[in-house]
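Engineer: All chains, full assembly: derive it from the sequences and hints.
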Amino acid sequence: MAVTGVHPNTASRALSASTLWRSAIVLTATVIAVPVLVILVSLLGPYSKAWQHLLDTVLVDYVVNSLLLMLGVGLGTLLLGVSTAWLTALCDFPGRRLFSWALLLPMAMPAYIIAYTYTGLLDFAGPVQSALRSSFGWAHGDYWFPQIRSLEGAICMLSLVLYPYVYLLTRIAFLQQSTAVLEASRGLGKSATRTFVQVSLPMARPAIAAGISLALMETLADYGTVAYFGVSAFTTGIFRTWYGLGELHTAAQLAAFLLLFVLVLFTLERYSRARLRFHRTGNRAAPVRIRLRGWRAAAACTLSLGVVSAGFLLPAAQLTVWGAEHYSSALTPAFIRLLANSFLLAALASLSCLLLALLLGYGKRVHPGPVERAASRVASMGYAVPGTVIAVGVMIPFAWVDNSVAAALQQRFGISSGLLLSGTLGALVFAYVVRFLAVSLQSVEAGLAQIRPEIDESARSLGQTPLRVLKRIHLPMLRGSLLTALLLVFVDVLKELPTTLILRPFNFNTLAVRAHELASDERLAEAALPALAIVLIGLLPVILLTRNMSREPSAQ
Amino acid sequence: MFPLRTRYRPRLALLAALVLSGLTGCGAPDDTLNVYSARQEVLIKPLLDRFTAETGIAVNLVTGDGDALLARLRNEGDNSPADLLLTIDAGNLYRAQAANVLQPVRSDTLYAGSPSYLRSDEDYWYGLSVRARVIVYAPERVDPASLGDYAALADPAWKGRICVRSSGNIYNQSMVAGMLASKGQEATDAWLAGFVENFARAPQGGDRDQIKAVAAGQCDVALVNSYYLGAMLQSDDAKEYEPAQQVALFWPNQGVGGTHINISGAGVTRATRQPDRARQLIEFLLREDSQRWYAEVNSEFPVRVGVEPSALLASWGPFEANSLNVSELGRLNAEAVKAMDRARWP
Amino acid sequence: MIHQLELQHVTVRYGETTAVNNASLTLQAGDIGCLLGPSGCGKTSLLRAIAGFERVSHGSIALRGTTLSTPQSQLPPEQRKVGMVFQDFALFPHLNVRANIGFGLAHLTRAMRRSRVDSLLQLVALSEYASAWPHELSGGQQQRVALARALAPEPEILLLDEPFSSLDTELRTLLAEEVRALLKSSGITALLVTHDQHEAFAMADQITLLHAGLIAQTGTPYDLYHRPATEFVAEFIGEGNVISVAVTDSGIWNNTVNEGDIALPQPATGQVLRLLVRPGDIEHAADSQTALRVARKAFRGARYWYELLLPDGQRVPCTTTGNIDIPVGGLLPVRFNLRQNLVFDAAGNAARATAATPEGSQHPPRGSPAVTCA
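Protein chains in written order, with this note's numbering: chain A, 1 to 556; chain B, 1 to 346; chain C, 1 to 374.
These are calculated hints, taken from the structure and not from any lab test. Mixed in with the good hints there might be a few duds.
[To be verified] Calculated cross-link-like contacts (lysine to aspartate or glutamate; reagent style EDC-like; alpha-carbon spacing at most 16 Å):
| hint | chain 1 | residue 1 | chain 2 | residue 2 |
| --- | --- | --- | --- | --- |
| 1 | C | 297 | C | 205 |
| 2 | C | 81 | C | 156 |
| 3 | B | 338 | B | 236 |
| 4 | A | 49 | B | 335 |
| 5 | A | 49 | B | 341 |
| 6 | B | 239 | A | 521 |
| 7 | C | 184 | C | 223 |
| 8 | B | 239 | A | 247 |
| 9 | A | 471 | A | 456 |
| 10 | C | 81 | C | 118 |
| 11 | C | 81 | C | 154 |
| 12 | C | 297 | C | 283 |
| 13 | B | 183 | B | 335 |
| 14 | B | 338 | A | 61 |
| 15 | C | 184 | C | 205 |
| 16 | C | 81 | C | 6 |
| 17 | B | 338 | A | 247 |
| 18 | B | 183 | B | 328 |
| 19 | A | 49 | A | 247 |
| 20 | A | 471 | A | 457 |
| 21 | B | 338 | A | 56 |
Structural biologist: Written as structure tokens, this is what we have:
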């Protein structure tokens, strides 16, 4: 039977289905972009008197402090991250394998929690200074002790929990460097040290740059640490302008300012990642490790142990001690409710992110056009935007929609609908989706990339309908990526603070908010239990990462 | 391409509707009073329960941060479900009034229950309890005779000896607003400049932290709200009452205007659909027995004349309180914030 | 006389495994040597030991009289004047072509470095690519840059580790000749490592064949082909097979190979010998009464390559002109025309192999169809 063309029904059905997909994707990307657009648009809007006041007084502080923070954390993560990466990737010393994954542990610690913990440890009334005073008979003013609650302290805290970004990416870069390149350099007359400086480091530069960009984006987004330490930064300024001065619009303008900083970092990170592609010359031979012996090996162990202790072991131990003290009083039904709330929120957010990620991921796969690619890129920009900025960007349009809808309903039908969107879980979940969709999307896209189109085609040629292809082939192959996507977003939401603080419904607390409240109220010991819960759950993605690490080819 | 099978569509729609309704604010019952409270639940709920028992009007208590509550009320506008706003510090109450989220209410009972200087001069809100911003000092290092008024704290003699919390906190803002009202901008600016120079450390933590810092020796005096001292003295936790016992309380500005005081209070929202019931609740809170409980539970002073404070507070001795109408504290709040910014009080 | 490169009893060990065992060889200045062998034979380990990336557990390596490696002391790689070209070229991705080539010239002034790089670019015919980046170049171009880079500091010896294995097969032989010409014109001593004998033949003056860490034979390509010292060399070089023949009491060697075909004085009865049979040793003869079954065949354009089965199951190679097309399983009439008598004893060593030229032969001329079918 001659086939003269596609049956009209099939064609129109395929056409309408594909336009449905495309519209869904475009709609999703647009809605997700709304908060950022709203913030950027506010730059055009009227500048109130409060803006002048800000300009005269604190804006300079915000900019200077943010720049100092970025400089300090950039330097700190560079030093900590590159040195540890070099040790675990290119050297061999006792305990190296243990340290390779242990150096990732600080990722489980949100910065604000480590800030509370160290304050409790190192503050004037804390155990360290009290011990110093009692053993040396000093009083206040007799001795100098670094002030932990300061800009410098914030830099230390942030460096300690953010260096793993640099560590991870640099380590992979070092491991993937072909040994032939390093040997070529040796053969051309450069000693081992010069080879590292002139070849290894420059080759790893894109990875280092990408890692530092990520760390700095997190630094700019941080609220808990800078608020607790009394550092005037953009995030605290946004809070203060909105709540303190009552100027939502001015707060949005401040947020836009912050976004400009972030944009620079974001571009740098994207550019670095692109350049990484060109830095893969040569095959991956297992690196010939430099054996460290004697005092060098001891130094390597000390450095690694020191970093892991400072970034994870010490704070975790202190939290456990506090938690044990307050165990009975803190483990109340209210705490269980807190856990339930946090889990519910995290589950809702991670599921929503996963569904949207699947929508976008499959859309790109089925119709790989420029629209789908652009939508995917737009949707994954949210991770660079600080939580406070997103919260403001969500609040404004939601409030506008609510009030317009309510007014319209009131006029037409005389019903007062009340608030539909603002102050609801929906608003908060939406904000999370905007921020964390990138995480899901990356995982889903990586998983889909593994399912090459030929697999689909061979299944279809073997008589499977599209839906069965989905069920019997895609789902099992994607399972790992889907679970990863769920887990990563789940943990990120659990740790998230500023967005939750701003947008949460009343009488709805999460672990992070509770820890922050208690710590701000100087009830550090009581904050330990929610903090510990966050850290324990935060260990799960770290475990996932370490298992991926052990599957690296050069992991011996 | 996977077209949605027809039979899945209704199920998905139902699921979507359920999820949406759970996530959004649809469907709130209309016969309870919604109270937005910045005061902690444990400090107000029992009283509200008693109100419900007596009047049969159910009360839904929503607690949150004062700033967040106000921001939410402003956003919600006319569609807010809140009937009553209960918050701390006259500055916050005035801001709510200025943000047009409250409506004035008046009645003889209300007027009888609260003195005129402890409520809005335009009837928008009513004070429910009084707290004073006092000086706590370390008795072994500070001679109380050297303390006199707030103004003295700007003296260089106090350099490196003062602890106070951040300027972002409304209590400090209201205190500065009070100064602006009584001394004017120039004098206040001068005072602030000297005061900020005397900080023993960068402002951090809350009022309890300042008390602990004085006890630990990091500073000699601190400015705190009186009820924090009370709460710490009555705490079970050694880490709280030990520092509290090591410091002493001083009433500043005695004989020169009186110690700066502030209130916690409540106002009826403009969006409420039950203004009478809301007013009824405020009247209930101003009753003698309510006042006694409300004040004592948080170591505060009652507003109602004739109600005695708790024994602990009485042990601190009588004091002269500033009689400025607390509305002024709100009116001058923005100016106070700007003055603190100019003085670079972090 | 000082050899350019001298290895004396070099042993390279990795823990328990011995990669290279008691290897000795010399290379003269200006010559191109080759380490040839199957994978795992130790050739790369030996090369890396010369470069300084592996330690020697025994023996010594000397370059132009200077001792580079002994078990007690090892000169670090950057202090040997050894240039190296890697299998995957290992160009520095963060430097452009000019910077890559000039990498080892830090001791020169900027002007001198520039002129040296320019002359090298001309040598490898890449002058227009001076500012290009490695990822923009083709495989062949990358190899030339790697070569220029290694040559730039004027090393005493150039080591090449499988330099053509990353490139397309068609390019290989052509490039091998080009590189040889380039090296010869520079007068540089080079040592090449490869598993491909055709590359070795095209490039090297002297080939060292390694087998399981031991040197099987060192010699010119001609020597290795025509005078293999051991059975391994014979099988590796060329496309021949070594078959077993046994001497019967009638003096006739079974398996269709007649003693008359080989000039081997007094083979002892019952002795089992190993005989090398190369494709040219068996010819298609349409009129022959001996026909062997075809086990495999491969069309090669001008010629057909066959693998034939001897009656006892051993296989021998045979090539015919391309028009002779016998299916697998069919019979191909052949005659034996052994041009060389390469016989090995049971130990695998060459045993009294004599050239079967008529002048030296005591036996009837070859080509007589005195073949017995079993």
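Engineer: Confirm or reject each hint.
Structural biologist: A quick look at each hint next to the structure:
For the proposed pair residue 297 (chain C) and residue 205 (chain C), the alpha carbon gap of about 33 Å is over 16 Å, so the pair is violated. With a CA separation close to 6 Å, the supplied pair residue 81 (chain C) and residue 156 (chain C) stays within the 16 Å bound. Proposed proximity of residue 338 (chain B) and residue 236 (chain B) is contradicted: the alpha carbons are some 40 Å apart, above 16 Å. This hinted pair checks out: residue 49 (chain A) and residue 335 (chain B) have alpha carbons roughly 13 Å apart, not beyond 16 Å.
A distance of roughly 15 Å separates the Cα atoms of residue 49 (chain A) and residue 341 (chain B); the hinted pair therefore holds under the 16 Å criterion. Distance check on the hinted pair: residue 239 (chain B) and residue 521 (chain A) sit about 14 Å apart at the alpha-carbon level, within 16 Å; holds. The straight-line distance between the Cα atoms of residue 184 (chain C) and residue 223 (chain C) is roughly 21 Å, outside the 16 Å bound, and the hint therefore fails. With a CA separation close to 39 Å, the supplied pair residue 239 (chain B) and residue 247 (chain A) exceeds the 16 Å bound.
Using a Cα cut-off of 16 Å, the hinted pair residue 471 (chain A) and residue 456 (chain A) holds, with the two alpha carbons roughly 12 Å apart. Restraint check for residue 81 (chain C) and residue 118 (chain C): not satisfied, since their Cα atoms lie roughly 21 Å apart, outside the 16 Å limit. Restraint check: the Cα-Cα separation between residue 81 (chain C) and residue 154 (chain C) comes to about 8 Å, which is no more than 16 Å; the hinted pair holds. Of the pairs offered as hints, the one joining residue 297 (chain C) and residue 283 (chain C) holds, with about 15 Å between alpha carbons and a cut-off of 16 Å not exceeded.
Distance restraint check for residue 183 (chain B) and residue 335 (chain B): the Cα-Cα separation of roughly 13 Å lies within the 16 Å cut-off, and the hinted pair is therefore satisfied. About 15 Å separates the Cα atoms of residue 338 (chain B) and residue 61 (chain A), which keeps this hinted pair within 16 Å; it holds. Of the supplied pair hints, the one linking residue 184 (chain C) and residue 205 (chain C) holds, its CA atoms being roughly 11 Å apart against a limit of 16 Å. Among the hinted pairs, residue 81 (chain C) with residue 6 (chain C) is consistent with the structure: their alpha-carbon atoms are about 14 Å apart, no more than 16 Å.
The suggested pairing of residue 338 (chain B) with residue 247 (chain A) holds, with an alpha-carbon distance near 14 Å, which does not exceed 16 Å. A C-alpha spacing of about 13 Å is found between residue 183 (chain B) and residue 328 (chain B), which places the hinted pair at or below 16 Å, so the restraint holds. A hinted pair counts as satisfied when its Cα atoms are at most 16 Å apart, and residue 49 (chain A) with residue 247 (chain A) qualifies at roughly 10 Å. Taking the CA atoms of residue 471 (chain A) and residue 457 (chain A), the gap is near 15 Å; set against the 16 Å cutoff, the hint holds.
With a C-alpha separation of about 10 Å, the suggested pair residue 338 (chain B) and residue 56 (chain A) falls inside the 16 Å cut-off, and the hint holds.
Going through the hint list in order, the structure does not satisfy hints 1, 3, 7, 8, 10.
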